[in-house]
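Put the two chains together into one complex, using the hints given.
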Amino acid sequence: MKKFRWLKKLRLPSLKIIFLSLIVFLVLFGALGAWYVNYLEGIVTAKFEGSKWPHPSKIYSDTALLYVGMNLRREDLSEKLRRLGYREARGQLNKGEYRFAKADTVEIYLHDFAYPMEMFKGIPIRIGFQGVAVTRMENLATGEDVFSLELEPELIAGLYDRVWQERRVVTLAQVPPLLVRAVLAIEDERFYRHRGIDPIGVLRAIWTNLRSGGVVQGGSTLTQQLMKNFFLTDERTLHRKLKEAIMALITERKYSKEEILENYLNQIYLGQRGSQGIFGVSQATEFYFAKELSQLSTGEIALMAGLIRAPGRYSPYRSVEAARQRRNVVLGKMLEEKLISRRQYDAALKEVIVRRELIKVTNDAPYYVDYLRRELAENYKQEQLTKEGLVIFTSLDLAMQRMAEKSLADGLKKLEETYPYLKKRGEDDNLEGSIIVLKPQTGEIKAMVGGREYGKSQFNRIFQSRRQPGSVFKPFVYLAALMYGGDNGKRFTPATMVDDSQFTWDYEGQSWQPANYRGEYFGTVTLQTALERSLNSATARVARDVGIRHVRDIAYRLGIQSPLPVVPSVALGAAEVTPLEVSVAFAALANGGVRTQPIAVKQVIDQEARVLEKRDIQVEKVITPQLAFLMNYMMKGVLDRGTARAARQLGFTRPAAGKTGTTNDTKDAWFVGYTPELLAVVWVGFDNGTKLGLSGAQAAVPIWTDFMKKATAGTAVTDFAAPPGVKLMDIDPLSGGRATPNCPTVIQEAFLDGEEPTGYCPLHPYGLLSAPADFINRMVAPLFGR
Amino acid sequence: MGRRIDHLLLPAAALLAALGAASCETGSIYRGIPPRSSSRERPPDYYPPPREEYPPPPQPQARAPLERPPLREEDLNEPRPSPPATPRRGDIPPASPPTSAPPTPMPAPAVPDDSSLLAKITPSTPPQRAVSLRLTEEGRKLLEAGDHSRALSRLEKTIAVDSTNPYGYYYLAKAHFALGRHQESLRFLDVAEPLFGNNPYWLAELYALRGEDYRALGSYSRAESSYSEALRFNPGNRTAADGLERIQGEGGAGPR
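Those protein sequence lines, which keep their order, are chains A and B.
Read in this note's numbering, the first sequence has 765 at position 765, and its numbers run on one by one without any break.
Read in this note's numbering, the second sequence has 218 at position 218, and its numbers run on one by one without any break.
In case anyone wonders, no lab produced these hints; they're calculated from the structure.
A portion of the hints provided could be inaccurate.
With a Cα cut of at most 25 Å, we get these calculated DSS-like pairs of lysine-lysine [claimed, not checked]:
id	chain 1	residue 1	chain 2	residue 2
1	A	Lys456	A	Lys636
2	A	Lys423	A	Lys667
3	B	Lys141	A	Lys121
4	A	Lys709	A	Lys636
5	B	Lys141	A	Lys614
6	A	Lys47	A	Lys241
Looking at chain B on its own, in the form it has when it is part of the complex (with noise of 0.2 Å):
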């Protein structure tokens, strides 16, 4: 007998709790809000009634607190974060003599050339985004031309039409610079930075130019920050290269 009902008190136990997991599932019944559908279909007009109808909330759970803080915000008025630092001329320790023949290292591959504003327009590209690298195409042949302030009206016109076209910003900060407005170039180039994203060849290009904003500025330590990042992303930038050059052979002349 009592084996018996150990048979019958087992299934009914798991038939409870099933239900109960049920009740769970299908929604609050004794709440009477109708379940969600799957859909999860949000009311438009939607705006919850007064907490009173609620009971209290229980108290929020500690979350755990995260190994190293997210970055919140760049701190914009910070000296921007150098590279680890290299060895500069007048700084390096006399040299030990070396034991054996240091390994020849291999050169870094140079970045496929992205420089194409047109050939980034597809039958897929958005018509704002089209017309935006059009005229930032034309911005630039003006600016190679050497007409800067014409190149400059044409390439506002980018941004005014796109404003997430990295190019027209990045074009934009090229015509200041041609203009000797070096702090309104570095400004486009921040705001140009983020919609790069991880686009070697483009970044190598922001970096460099903003290693000639901060040379003509004479900040030589920027610049050959920025110079050593443009070549990071891309070793064959030769702006870059010529420029930590320049500043490598001068011994870095002027403030720092």
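Excised from the complex, chain A in its bound form (with noise of 0.2 Å):
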């Protein structure tokens, strides 16, 4: 008590009270700064001792096959290479390079792989062309035939929390030393000598930057530069120096030197790929110059540190004279602070800045990849896909989802411009669609499009999206006719007669009245005909004659998975469901009757190249192929023939069958097409169910022939190959009759053996001399009462 005796004596009690209150204040303060500062060591700690860097699962299309005897067109395969990485060789070809030797030669050395369960190494191949057909293939080192080779898949996506930081971590020892010393001449010259925070060093830097009239040197060291990198943002405030300097003393009291630069130097941000953050020297090295670290140049190593202060101003896929420039200031540097000796100054300076093409990963697919989040997150917790380093790879064709990415963006607009009413109304009033891509005999989703624009609509309108498909589900009503024929016990074929006359049709005490289109009836027609003009009435007698339990039997058979209810418009599509089920229905019928499982994600591998995950292709037999290749044959007619020859009239001439759909009210419009190859479903419509006013012939054919022209261009004619037991015979299609020569009309129809029709057409009877028996059957059977 007696050190507070002056205390005492203080004549003044405010006086006395505000001392009182500073040395509370500064207990306190002192208190709460020790309390910060142990805080922040957390934070410090952890980040170092833990997991340092998110490791961003990455998304790869599907891989491309080539074989001999393929078409594949030049252009195709220069684009692929391109989007690829692929460069034009210069000299000697080298690993990732490719040229066009001759007009029918094309050499390619191909890029290391880590496949799931085995490791690709990059051969040299030559690839001869005739024409647009692949006629060999050769290995250019061993001289030996090769029938067939997979061009690796492209990364499409990353999943990531909110930055994609691609990052290749290194240690200290695997980064060339004059990498290290020139970061360090640049950027922190006295690295060794400060403790975290460097005064010295702000005051050059200030004097650095008044002198050059400009802001040329940072007065930040490395160790601040590493925590701003780590845990901070980049805005310039006090507290946030403050807080950067702290835990920069605090890492350099708990860290050596050495932890702290291999950390920098696998942390600090050195360029953007599109949506890919490139982070890291190694990554670096790999993405300016496609090496790796151990084979940087001087020149090459300049460069680099130079990239550090602002790595979009001198990258060089940016400018290749400010990337020059700012090499040139490292170089010298480099000299004054002896790193390197004249001689190699001189050498780095000649060096050349080759300009190259950067190819962006742009986080294609958006709706294709929410759809495989939802896919993954079955077996997948969020932060395992953001950080663990997962590789996932999927059947899509990138090629495939542009197309059909540019067919719904390019005919929706189009759309609109035809008819303006169809214009944006409002924010929720807006022209939507949606296209599907599957391949028929494995399931493989090969492009999604959910909707127009993913930017301003996520929904995704392929799986989430449930919508009545109207005429779409009139194939299943006639597939279930061809299989179970009618209750009565009547056989149907496809020139069957039907009556497409106005009825009613009484179902458990309600009665319903089909409509045709635009209230026009065909009185009887054939099964077939019925199918091309999409008759409504005619549809429903059909059904009503098979009984709707077994046409909705066959539509779950096929794939429907949305409840179907057992009520009569359901025939004509009443009930909702999804384009993903559509086309998986439908790609039962292409694939010869086998139903497969849509697949999106193939194999899904760890950073170690463990295999977490394969999904194989999962087949069943669901309906015979007989009946399935009879109903492509009546459904090649709809296209042909039918309500979506528009798809011929705007080029598309290749073997392929379908169906249109138009709802009531013209609410939606559909179409699903399909070569045995390659199956698309379209839709067209409104989200808040608002009329569309067109019919799937007018709003969706023309975006599906636009896209499935570009998908099918350049590859091989194939068509529906007929399965034994199926006979083809020519029909009159207004009598069902077998065709005579003075039929003005004849089509070819498909009919199980045993089913086809036995007599002539009776509307354009044979003569006296094609056909003496039938015509005296003719002549002679009215005698007898016949």
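Pasting the structure below:
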């Protein structure tokens, strides 16, 4: 208490209070400060000793199989190689390069690639062409013929938290010493002399910047930069600077210079490849120079060190001149610090910085990636996906995806131009559409566009939106008819005559009168004609004869999963389904009666290339190949003569089958169409159910046609192969009878063996000379009351 | 005079009949529709005019009922049809003493080995089939080496390239069998079966593998049927013969 006697002697009480307050304040401040430093120390420790860097998962497209005899256009191959990051060779062919040696030859040195279960070592190959056909493939290293090879998949997207940090972590020992010294020379030459913050360095930076008239040197140490990149934002506030300084001091106290340097060289941001950020010197070496760290030249080292200050500005992808100037500044500093000799300096100055095209990773196929996320969420937590660096191989064909996106966008825009009333009428009243593309043989989803513009609406109309399919449902009715026949034992074939007049269907105490489009009725028509013209009344009659339960069972069997009530209107597509289900169901028909499970994720591997998951192709025979062929053959008529003939008029000439769909009040327009190799479903409409006023033929068929023309260009033309037990026969479509030479129109129909019509067309009968037996039979029959 | 008129009338009647027949042959001239060319060219954009232009068609002639309805589709949910019942242990009635020595049956000739996939590639083989067969062969080798997962990956490419390649489906079934996925194996065999057509060697292989799948699933009666069917196609199929012997030797233990 003696030491505080002087306090008692203070005459003014206010001074006492102030002084006491000051002491209390200092004690509190000290305690708070200690707590804060302790808190920051905890953060630093957790970062240094825990998992430092997130490893985003990467999503890859499907591989591309090349084989002798396939059709492959040079421009398609060239574009594919460009997207895969192959560069045109300037001299000797190196890994990752290609050249068109002659007009009919291309040489490629394939990349290495880590496939699931095997590591592929790149080989040099030569591919010979004759026209668009691949005639030969040769391994240039061994001279052996190669019959097939796979081009590696394309990186389409990453799964990450906020920023996609692409990085290859290395130890300090793996970094060339010259690069380390160059970085220190240009960024923090007093690194080994300060303890985290460098007041002398700050003063020097101020002096240098004042002399040069601009900011040419920073005052932050390497440690401070590391703290900023590890934890902090880019804001330039006093608070942030203070925090950065304290953390730098803590780090220097706890960890060695080497540890700090190693972390810095792995953490530093060094560029951007579209949505992918390039972090760390190892990743940057691959990005800018397509090399390993150990292969960097002196000039490249200088450029790398120079990029740290402003990667965007000094990137050689952006400006070769700016990059060269910055490199030369760093080379000057390296010479000044005696890191290199004069000879090395002069040689480095002469190194040419090659201008290269930046192939951006743009997070392609966002709707498809969303669909993948949902699938992956079944087995993986979010943190696993965004931080553990999984590699996900998918079924996506990126070229097809881009074609589908463009076809949909262009098609919708054209519809709005042709029908101005469709233009946007409000935030929630925008014309929308979707496309899904499937490979029927395997179920692989090759493209998925869930809406017009992902940025405006992430709602995925392929699997999240249930809409009435309308007439797209009718093939299920006809298939049920072919398979089960009528309840009264009646057999149906594509030539069976059905009545298309108005009628009332009484069902469980209720009445339903199906109406034809525009109120037009066509009397008695063949089953084929009813399908081609999409006649509601005839279809409903068939459904009544067959039984709606059979129709529903067929739909389920083919792959429809949405609940289908057992009511008559289901026959005309009144129950809501997703485009994904529709694609699976029709893919079963395209695949000869074999239903496949839709596949997007094919394999998932971890960072050690261990296979975590493999999803196999799943098949199930659901109808006979003969019935599938009959349906495909009938639906070919829809394109050739029926409601989708606009596809032919727009230039799609390949053998294909399909069905248009238009709902009541024209709220939905559909088209599902397929070749033996590829199927696509298109939907157009408004999300809020506003009337579209257009049929499937008007709205969806043009979009489908535009896509399919591009997607099948250059590929071999294939047709549906008739299985055993099927017979093709010429039929008069007006009578359903076997065609005679007098029939003005003849179409070929498919029948199950033994079910083809036996009688000739009664409308255009044979004469005496061409079919005497038939002629006499017709003459004589009435005499005997036949 | 009467005879002269008869002489004139007969040719006239014949001429009239011929003219009538000819009018049917050359087209309906009174309808104004031109005769059809012999090449039967169909206009690509033809679409039948509205029905009102044509007279109502006659009632369709009743077709003679078929003696036996054609098989529309296999009822996939029903058990597969079993071959005619063979006597099983426990079911066999006491045999009567033979009156004379039964004749020694002639051994059925084995079907020639058709297993080589690469031998099926000829200069006329379509490129898709050729590469599909080569990939199938690669898959087969991986299977033999015990690398089932890689075999599966390779074999899936075979049907992606050529979905009509039955060997791809068969070996996919075999890969799934090796991985213990018997239901998947059976499904791939279902798809492969019609694609093999009438090839006895491969149908025997298919049925034998089906038998193996059923035996692994504990469906011994189905396994027995499948093995028997395999031997019917190819009496030399060892897998089927061994499988059948095993089942019959075990007395068909387990669910039938």
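**Item:** 25 Å limit on alpha-carbon distance, applied to hinted pair lysine 141 of chain B and lysine 614 of chain A
**Value:** holds (21 Å)
**Message:** Holds or violated: lysine 141 of chain B and lysine 121 of chain A, Cα atoms, limit 25 Å.
**Reply:** holds (21 Å)
**Message:** Next pair to validate is lysine 47 of chain A with lysine 241 of chain A; report whether the Cα-Cα distance is within 25 Å.
**Reply:** holds (19 Å)
**Request:** With a cut-off of 25 Å on the C-alpha distance, tell me whether lysine 423 of chain A and lysine 667 of chain A pass.
**Result:** Holds, because 15 Å separates the two Cα atoms, which is no more than 25 Å.
**Prompt:** Straight-line Cα separation of lysine 456 of chain A and lysine 636 of chain A no greater than 25 Å?
**Reply:** violated (37 Å)
**Prompt:** Does lysine 636 of chain A lie within 25 Å of lysine 709 of chain A when you go C-alpha to C-alpha?
**Reply:** holds (17 Å)
When held up to the earlier numbered hints, the structure conflicts with hint 1 and nothing else.
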